Amino acid sequence: MKDMRRMNGKLIGMAFYRSLPVMAGYLVLGIGFGILMRSAGYGVLWAFAMSAFIYAGSMQYVGAGLLAGGASVILTALTTLMVNARHLFYSISMIDRYKDAGKVKPYLIFALTDETYSLLCDGKVPEGEDADRYRFLVSLFDHCYWVTGSVAGSLLGSVLPFSTLGIEFAMTALFLVSFTEQWIGNGDHIPAVTGAAASLFCLLVFGAERFLIPSMLLITLVLTLVRGREADAE
Amino acid sequence: MRSAILVAVMAGVTILLRFLPFWVFKKKTPAFISYLGRVLPPAIMGMLVVYCLKDTPVLEAPHGLPELIASLIVIGLQLWKHNSLLSILSGTCAYMLMVQTVF
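Same order as they appear, the protein sequences are chains A and B.
Using the numbering used here, the letters of the first sequence correspond one by one to residues 40 to 273.
Using the numbering used here, the letters of the second sequence correspond one by one to residues 699 to 801.
Because the hints were derived from the structure by calculation, they are not lab data.
Owing to the predicted nature of the structure, the values given are computational and were not obtained by experimental measurement.
For each residue, glycine too, the CB sits at the ideal point set by N, CA and C.
Check the hints yourself; a few may be wrong.
What follows is a list of derived Cβ distance ranges for each label pair [what the hints assert, rightly or not]:
#1 A:Y146 <-> B:L783: 36 to 44 Å
#2 A:E168 <-> B:H780: 41 to 49 Å
#3 A:F240 <-> B:A702: 18 to 26 Å
#4 A:G162 <-> B:K726: 15 to 23 Å
#5 B:L783 <-> A:L260: 31 to 39 Å
#6 B:D753 <-> A:K142: 22 to 30 Å
#7 A:V83 <-> B:M699: 41 to 49 Å
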């Protein structure tokens, strides 16, 4: 019993350490969201509910605008579908990994944000530890940071004592780190290059507001074609 | 009330997107989907990096220089030390310093 508890403490510590990079980003982006909601006329309960139950950063920023503008249900549903379509991808790539996660599986799926995905998609788990419990803790910590940030932003408003200009780069840095690690970990660099190049191409063709979905389609298409070639070579 | 419905719609659609692949491929994951599961993570990270940098003004001063320098710091440190927290903190602090004071 004692051993079990100690192991849990160690596991919690490791999950917490792993989640630290997301903490900075989520607190800042969450505070930004809270402030945005406040300025759109929605108080702390709204910020809390959206962060707790939608839990999708960019969608919530867009959502604040939808609420304030009195959007229709159809428009809201379609916008959510477009902005969050990438989550289909995250889930697809986690199907095998989350297969036997048991009781925590629904939560793991619900809490699969861009940032949590970037922490867990390499599949690495501390040696000798329960993978599902570890993933659950990392997901939960991230969720807590996001909700805490949103509530803090709504309550504190814009009374922060220092300039946070540029702090949003933490998200970029997080994805860059994950990209670099994937690059080192994989002998095959074609997927990484495809992802970056196809997105850049679509950004130039479709513009900053509309390039995500074309990018995902192009990435899938190219990776599919590459796979066909591999199969032929065998 | 209307706002509550909209929030519920946003939450519902997001949950649907996240759960759908798990429902559709419940029994046995097709080989093609497993393949996508293997190759998508690095590709998506590439996409998200581009997404984060999409609003960088490359054509006007400072031509995305702060973004470029900070990105190189992050990648360089990560290759050298393999410490995610160190790379992210250093890159972000450098970026904040640059956009607040230099550029």
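Starting from the hint 41 to 49 Å, judge whether the C-beta atoms of E168 of chain A and H780 of chain B obey it. 19 Å, violated
31 to 39 Å as the expected CB spacing between L260 of chain A and L783 of chain B, which holds or is violated: 36 Å, holds
Does the beta carbon distance between V83 of chain A and M699 of chain B stay inside 41 to 49 Å, or does it fall outside? 19 Å, violated
Is the hinted range of 36 to 44 Å satisfied by the C-beta distance from Y146 of chain A to L783 of chain B? 25 Å, violated
Within 22 to 30 Å: is that where the Cβ-Cβ distance between D753 of chain B and K142 of chain A falls? At 41 Å between Cβs, range violated.
Kindly confirm whether 15 to 23 Å is satisfied by the beta carbon distance between G162 of chain A and K726 of chain B. Distance hint for G162 of chain A, K726 of chain B holds at roughly 20 Å.
Consistency of beta-carbon spacing, A702 of chain B to F240 of chain A, with hint 18 to 26 Å: Distance hint for F240 of chain A, A702 of chain B is violated at roughly 41 Å.
In terms of the numbered hints stated before, the structure departs from hints 1, 2, 3, 6 and 7, listed from lowest to highest.
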